[in-house]
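Visitor: Each chain, letter by letter, is given below.
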Amino acid sequence: MTDTSPLVRIDGITKSFGSTVALHDLDLDIAQGEFVTFLGPSGCGKSTTLRILGGFETPDKGRVILDGQDVTRLPPDRRNVNMVFQDYALFPHMTVAQNIAFGLELKGLGKAAIKARLDEIMTFLELDGYGDRYPGQLSGGQRQRVALARALAPDPALLLLDEPLGALDAKLRGQVQKELKSIQRRTHKTFFFVTHDQEEALTMSDRIVVMNKGRVEQDGTPEELYFHPASRFVAEFIGETNLLNATVRGMEGNDVIMDWHGQTLRGHVAPGRKLPQGPATASIRLERLGFGKVRPETENAVQGRVIGSTFLGSRMALDVRVENAGDAILKAYVDTATGSTLGDGPVWIGWDADSMAVLND
Amino acid sequence: MTRGSRIFMSCIYWAFVLYVFVPLALMILMGFKDSKFIGFPIRSWTLDWYTGVFDDGAVVSAFGYSIAIAVLSTLVSILVGTWIAVLLEGRKFVGRPVVFGLAVMPALVPGIISAIAFRIYARGLGIEPGMGAIVWAHAVHNVPFVVLVVMARLSTLPKSQLEAARDLGADPMVVFLRITLPYLVPAILGASIFCLLLSFDDFVRSFFLGGYEPTLPVLIFAKLRSGMSPEINAIATVALIVTAAIGIWAERFTRRMNKDSKP
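Just so you know, the sequences run in chain order A and B. With positions in the first sequence counted from 1, the corresponding number in this note's numbering is that position plus 2. With positions in the second sequence counted from 1, the corresponding number in this note's numbering is that position plus 13.
Since the hints were derived computationally from the structure, they do not count as laboratory data. Any given hint could turn out to be false.
[Stated by the list, open to error] Okay, the calculated beta carbon distance ranges per label pair:
no., chain 1, residue 1, chain 2, residue 2, range
1, B, Gly108, A, Gly133, 42 to 50 angstroms
2, A, Gln177, B, Arg19, 39 to 47 angstroms
3, A, Asp208, B, Ala165, 43 to 51 angstroms
4, B, Tyr26, A, Gln177, 50 to 58 angstroms
[Said to hold, decoys possible] Covered by chain B, according to a simulated footprint, are these stretches of chain A (three or more residues, beta-carbon under 8 angstroms):
no., stretch
5, 71-79
6, 84-90
7, 95-106
Note that CB positions come from ideal geometry on N, CA and C, so glycine has one too.
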């Protein structure tokens with residue numbers, strides 16, 4: 003295998019359960035060392051993809067190529083892929099050490115090699131001293147690390163993670179997210195992470211694949227997805243956004259000229275995409291709106307009045323009525339210092355063309 | 014609940030307890046009476062009946078015979094019952110309800126009916142009455158309890174455990190031996206104790222299918238026909254203590270195991 007060929011190639015996979023189509027002709031390449039997250043609501047096909055990669059489901063059509071080898075019909079015990087289960091699936095009758103060694107024994111490693119690998123992985127995941135405990139005696143975070151250690155121990159080419167943070171409380175989750183990312187960096191392993199939590203996806207991933215109804219909605223870096231969502235679904239699913247119903251008048255390069263309640267606005271589309279004239283939706287993130295008493299130097303500027311504000315600590319959430327655009331309401335985040343100077347008089351609201359993505363509906 | 018009704022309920026409860034335990038207590042008491050006739054008053058006490066029990070070769074050998082039958086029939090029922098349970102719980106197949114129904118039916122057939130049926134069937138097949146026939150009948154009767162207990166336990170085994178084992182390189186056989194079976198141990202132990210007690214206690218099947226050698230219940234029955242004597246009380250008391258001890262120990266043991274193996 004050369005360096006340019008992907009570690010995993012998903013080639014035209016379709017899978018139905020009864021009359022429900024879970025995956026619809028999915029194509030995807032995953033490079034060695036990537037942290038890829040499949041993000042979407044339940045029933046979007048993300049878990050089915052994971053289970054197909056793990057060997058727990060066989061696709062109706064299409065192939066899975068792992069490391070140059072067609073593994074589509076290989077059972078889970080015969081592919082070099084391990085999984086961290088949603089409920090961790092630790093074996094309750096085995097100690098932590100026995101759980102982690104399970105995969106190593108089945109790989110046919112000798113006693114000394116198992117011991118060495120066990121020590122290495124337990125130190126790596128800070129599980130030293132827990133070897134003789136049973137899973138029932140561990141906290142949620144510890145169990146999660148044991149599950150990770152067990153899956154990493156046999157040195158899989160690809161690690162699958164099925165919403166492994168779902169069972170942790172909010173405080174621990176943030177910490178584990180950082181840990182996971184750091185573990186992935188240090189091991190140079192390819193992680194395939196499945197979640198419905200957009201924040202998790204944004205903080206950890208190199209690349210996010212947003213799924214909806216068995217199809218890929220958008221595939222890109224967290225920044226691309228956040229600031230340049232390609233569809234209304236992605237814009238609404240990731241983060242908070244203002245959606246503007248506008249009418250496309252024409253294009254200038256990658257800029258879209260739109261009419262919004264009599265105001266002319268400039269938006270942005272992905273390079274090479276052309277929008278026809280007619281109705282379209284534009285998305286502008288809440289923190290991308292700027293405020294001032296005088297007209298800002300941005301490409302887009304409208305006038306409005308603050309009609310509601312919520313103090314959130316370091317920043318404020320504002321509701322602004324845009325008076326010269328049909329009394330539309332825009333939501334915005336501003337830092338508290340700026341927000342408190344605005345008062346209830348007329349204010350200018352401005353944003354760059356680049357901050358506003360024009361969407362496929 | 015009002016005070017009055019609470020007192021009423023506890024009276025009913027204690028009446029029930031008396032109803033259950035007074036006969037047992039009387040039976041135990043009479044085993045210590047120094048007289049051949051059962052009944053009050055008791056003028057003097059003795060342990061002779063107990064020493065008599067352990068000196069009586071027929072009683073000791075019947076005891077051993079009953080235990081041997083209980084152990085063998087339990088082994089057979091556990092093997093067959095666990096196998097059926099795993100088959101039924103594993104995956105859906107055509108005829109699954111039929112297999113389940115057939116596996117559970119022996120528990121519902123009245124003892125006397127199944128005993129007669131076994132007797133006729135055994136004669137038809139040319140099977141001699143005796144240990145083999147009794148073990149066979151007990152095993153068939155006990156299989157349903159094993160199936161139900163093991164299936165109940167199996168249904169609580171998270172599917173992800175089996176998948177995790179597969180994922181880590183185990184083939185289905187290794188998964189069964191290293192994940193499923195250890196998970197079933199508490200259920201299998203519990204079912205074993207139950208089977209042992211059922212078999213030890215059985216009279217009807219042992220009576221109809223027995224040869225010349227009596228099991229303990231059959232021996233007691235034979236002795237009863239020649240008249241009540243405190244010796245029978247002594248035998249019964251020993252049997253009661255042994256079975257109750259096993260039952261209580263097993264209950265505590267399986268309870269602890271169930272608690273330990275919670276994922």
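Visitor: Give a verdict on every hint.
Guide: Checked hints:
| no. | hint | in the structure |
| --- | --- | --- |
| 1 | Gly108/B with Gly133/A: 42 to 50 angstroms | holds (47 angstroms) |
| 2 | Gln177/A with Arg19/B: 39 to 47 angstroms | violated (53 angstroms) |
| 3 | Asp208/A with Ala165/B: 43 to 51 angstroms | holds (46 angstroms) |
| 4 | Tyr26/B with Gln177/A: 50 to 58 angstroms | holds (54 angstroms) |
| 5 | 71-79 | holds (count 3) |
| 6 | 84-90 | holds (count 5) |
| 7 | 95-106 | holds (count 3) |
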